[in-house]
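Colleague: So the chains spell out like this:
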Amino acid sequence: MLDAKPSVKLVTKLVEVKDLKMYFPIHTGLFRRHTGDVKAVDGINFDIYQGETLGLVGESGCGKSTVGRALLRLYELTAGSVTIEGEDIATLEPEALRKKRPMMQMVFQDPQACLNPRMTVAQIVSEPLDEHTDWSADQKLAKVYELMDAVGLNRVFANRYPHAFSGGQRQRIGIARALALNPKFIVCDEPIAALDVSIQAQVVNLLEDLQEKLGLTYLFISHDLSMVRHIADRVAVMYLGRIAEISPREPLYADPLHPYAKALLSAVPDPDPSREATRQRIILKGDVPSPSNPPKGCNFCTRCPEVIPICREVKPELAEVRPGRFVACHLVPAQNNNAAGSTSGTTVQKHNQQGEPEQ
Amino acid sequence: MPDGAKPVLDVRGLQTVFRTRGGDVHAVNSVSFHLEPGELLGVVGESGSGKSVTMMSLIGLLPMPPAEVREGEVLLGDMDILKISPAQLRDVRGRRIGFVFQDPMTSLNPVYNIGNQVMEPLRRHMGMNKAQAYTRAVELMELVGIPDPERRLKDYPHQFSGGMRQRVMIAIALACDPEVLIADEPTTALDVTIQAQIIELVKELRTKLGMAIVWITHDLGVIAGIADRVIVMYAGQVVEQAPVKELFANPQHPYTRALLKTIPSVTGERETRLKVIEGQPPILGAAPTACPFAPRCGHAFDRCGAENPIRRALGAGRVGYGHDVACHWDASKGAAHA
Ligand SMILES: Nc1ncnc2c1ncn2[C@@H]1O[C@H](COP(=O)(O)OP(=O)(O)O)[C@@H](O)[C@H]1O
Ligand SMILES: Nc1ncnc2c1ncn2[C@@H]1O[C@H](COP(=O)(O)OP(=O)(O)O)[C@@H](O)[C@H]1O
Ligand code: SF4
Ligand SMILES: [Mg+2]
Ligand SMILES: [Mg+2]
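Going down the list, the sequences are from chains A and B.
According to this note's numbering, the first sequence is numbered sequentially starting from 1.
According to this note's numbering, the second sequence is numbered sequentially starting from 1.
Errors might be hidden in some of the hints.
Computed list of lysine-lysine pairs in DSS-like fashion (alpha-carbon distance at most 27 Å, straight line) [unchecked claim]:
hint	chain 1	residue 1	chain 2	residue 2
1	B	Lys208	A	Lys213
2	A	Lys143	A	Lys184
3	A	Lys315	A	Lys296
4	B	Lys261	A	Lys213
5	A	Lys285	B	Lys154
6	A	Lys285	B	Lys261
Quick caveat, the hints were computed from the structure, so don't treat them as lab data.
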């Protein structure tokens, strides 16, 4: 049922991200001089379609949260544009931005940290209503109950404080609050990372149900590639502030094209001893370089098992190498003449052989 | 590993309670397991299931009070290490049992350089002089795959990445050539490609050095790839024990079965909907008188609420060897256990 969705869904672009850069300045010395930048997000492009879940994966520090926050303009962007429903939110004036806020919301990793411990569940969930509506207290309470029902929280808990809840329940409170203003787009930043395995599935199922019922669009940020395979329609793989590959879920997991995507997927442990025993693992050498001083050329060139000389000189652009699949790698060249998106299988085959030498 | 080879470590009936102002916490209830020479025993369970407290109890690292190890034996060879003096226990910890924790930053001292910390156990437990300890420290750093060891020994913990710090911890744990290595979620804080590096390293070291390993994790994928045998913990108890392939192919406890169904994988069949284990683990305020999984269990029947099931062997084997489960329901028959 869920599997059938992607093909029908990729019609309307809800979010368009162009050349997005988010740098954090580094100040050093007595005079706090600006001596460099943490290039947390360094020029990325992607779209999110209405009703889909775009997974955003990559290792810690690669810039996932920064992307999520920049999309909601919780930061002033260094460069680029983020167009949501036709408006570039990067340049919106404060009042216009305030009007836009209700439609885009965020669910955080640690519900504990963003739920005010002195407020009851009802107060937490209705806070956005206080800010953005002029409803009466009764109207707001009715909405709070409706939201609590929607996320599976018993109404009798409305007057309790967050500490009385388990991690999974707190995440439900955070989700209810994010839904209060009928958003269309929700950035879920590691929403299950702090939860136990047996609780993760509860929250993921809830997010899926809500998406179907309310027609939500998600950016689902996670370092858990197994869970992303479950929930996402398409997946963007980030490395050191840039996107290595964006592909629909099935081809990405079956046949990742970017060498980093390959290594990342091969490193995920598989809960099956017989498959584990035969799996070929690509073990990357060394650590991720610092985002304040990324390598010249391809940012993965210092660790890439397939590196060739050009990688250390020229930055590969993200290009559509197969229909719907975008890869930034010199070994996976864009196909020529595929403006219409139709490609011949033989060309694909040829590129594949060039791009993936025997290991 | 043949059944009945003399275990390196034999833990019997361990019970640990925390006495806190908010009441007692029965963190570990009658936990038994053994470790055979050279094997890797995986310990899997959700957070709070008692994995860490079990291991800390047996090597005397819990703060007492509030902790009380009320019952149990921990045989290291022929010696019950719950009964030895604190000085003897320190020696056992440094020399015979090495351990590695989730967050190396808390176990490394930020004000000493790495060289000092790798050499310390060598000087203290192995009676090496400074020059000998230094030579051995360089070897250990090479052993765990830290490039440029002589220079890195002069660095401080904060100059190492998470993965490199965990390598240092492994070097320290292995310094005195221990019989047993206890690794408590050693890769949980690491990124998956770095986790893969560490797992690869441990596999290599196992074949090279042959020590027995207890590897604690909440990640069934990690267990599947690294363990020979597994114990599953829930609410302070061992609910199932089996060789790794057997456990995944033929899980018996309703908790193990549900857990295996609830986790997605990157390679297997993709579920359109995740199976859910409703509810949450119990709060361990008292010694259990019922099956602790009963409130979440789809198979629970009256006996489950009245009596805490003890581990029973499947087939002819002994509990702790072969496959055993603590459950009143018999998964193979699909009915109550007679
Ligand atoms: N507010 C900030 N100031 C300075 N550096 C930051 C800030 N936020 C994030 N960074 C840096 O940007 C990089 C990307 O961080 P983040 O987006 O949080 O990564 P991820 O979510 O993928 O773990 C990291 O190097 C991080 O240290
Ligand atoms: N110092 C302590 N005081 C009170 N309770 C504790 C203490 N340390 C651990 N516990 C409790 O013991 C139980 C088992 O914890 P632990 O062994 O750390 O679980 P795991 O390692 O499986 O996540 C938990 O319920 C935990 O809250
Ligand atoms: S003993 Fe009963 S409640 Fe416990 S797991 Fe077995 S069937 Fe379920
Ligand atoms: Mg993040
Ligand atoms: Mg623990």
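Colleague: Run the distance test for B/Lys261 versus A/Lys213: straight-line Cα separation, threshold 27 Å.
Modeller: holds, 25 Å
Colleague: Within 27 Å, alpha carbon to alpha carbon, are B/Lys208 and A/Lys213?
Modeller: With Cα atoms ~56 Å apart, B/Lys208 and A/Lys213 exceed 27 Å; violated.
Colleague: Given the hinted pair A/Lys315 and A/Lys296, is their alpha-carbon gap at most 27 Å?
Modeller: holds, 7 Å
Colleague: Check the hint pairing A/Lys285 with B/Lys261 against an upper bound of 27 Å on the C-alpha distance.
Modeller: Violated, at about 33 Å.
Colleague: Taken at face value, is the distance from the CA of B/Lys154 to the CA of A/Lys285 at most 27 Å?
Modeller: Holds: A/Lys285 and B/Lys154 sit about 22 Å apart, inside 27 Å.
Colleague: Next pair to validate is A/Lys143 with A/Lys184; report whether the Cα-Cα distance is within 27 Å.
Modeller: holds, 17 Å
Checked against the numbered hints given earlier, this structure breaks hints 1 and 6; the rest are met.
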